[in-house]
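Asker: Taken in order, these protein sequences are the chains called V and D. Heads up: the first sequence runs through residues -11 to 147, numbered per this note's numbering. Heads up: the second sequence runs through residues -11 to 147, numbered per this note's numbering.
Accuracy of the hints is not assured; some may be wrong.
Any copy, or any two copies together, can satisfy a pair, since identical chains are not distinguished.
[To be verified] In silico lysine-lysine, DSS-like type, Cα no more than 30 Å apart, as pairs:
1) 132 to 95
2) 34 to 66
3) 34 to 52
4) 95 to 66
5) 34 to 18
6) 122 to 132
7) 66 to 131
8) 132 to 50
9) 66 to 122
10) 131 to 95
11) 34 to 131
Hints listed in this document are in silico derivations from the structure and should not be mistaken for laboratory results. Predicted model, so just to flag it, every value in this text is computed and none were measured.
Protein chains: 2
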Amino acid sequence: MEFTITQIGIIETPFENLEGMPIQPSGAKKVVGTVVINEEYIQGLKDLEGFSHIILLYYFHKSKGYNLMVTPFLDDQKRGLFSTRAPRRPNSIGLSIVELISIQGNKIRINGIDVLNNTPLVDIKPYVPGFDTKEVTSVGWLKKMQDKAKFLKSDDRFV
Amino acid sequence: MEFTITQIGIIETPFENLEGMPIQPSGAKKVVGTVVINEEYIQGLKDLEGFSHIILLYYFHKSKGYNLMVTPFLDDQKRGLFSTRAPRRPNSIGLSIVELISIQGNKIRINGIDVLNNTPLVDIKPYVPGFDTKEVTSVGWLKKMQDKAKFLKSDDRFV
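One chain only, chain V, in its complex shape (with noise of 0.2 Å):
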């Protein structure tokens, strides 16, 4: 089964290409950016801006193909293509939960963005704690390497 999805906006980001880029948003969290989103779509923007956090879902436009194994940034040994955040997937969606700063029109100021500029916006959802925050026992490989992520940039092993 195959669908199609639309590009519903755009996200700007001083993010010009991938060498240097903050790997997650943990890495980004003083980065601003703005979703713009087609005028269509502005009416579905309301009672937004009362959430602290939201959710994008975009897609990784300048990630061809992929391979089931990977060598993540954060990791020196590959590891299964489903318990890393790379970019080259079978469906190149990309997650990111942002802090809102405020919506003006069709314009969203965001914090702790980590994509490249111009980057297709699939999604917007609201981020909810009852819903997204879970008590995490275990981070697998991440465990040793997570702390790292707040510090590290990427270099291009992702293009």
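We have chain V; now place chain D onto it with these hints.
Answerer: Positioned in the frame of chain V, the structure of chain D alone reads:
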């Protein structure tokens, strides 16, 4: 811009129709389901079992069309679509964070699933607190409603 999504597996759950289904995973804590990934992707599951929680992206295959203003099941007035988790969206991709119980071959047993049986799977990502857990300060119109989600079941308004 448009792009094509290919189903990579299926989510099996006890829910054959939308009526009586929990409306979010917080209401589905004891609901066990199975993610069955297509055989060709099995290798990509390596290392995933180390994570206690995973993010599932899937396609709301029973949802057609959308309105930009919707009355969520948790509320009694219309809200902007992007401030809700309603399945009828411009791109009907759903997101649930579930507990991983075990992996055997191409089958992942999960706990806390809230989707219809045979929902098409789009992606699996590890849930990483450093990336995905946020210190939320406001949840908009959901403020008074959030706890309700633990008890309420959906009706068919999202079909």
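Asker: Need the list of violated hint numbers for this structure, in ascending order.
Answerer: Violated hints: none at all, because every hint is consistent with the structure.
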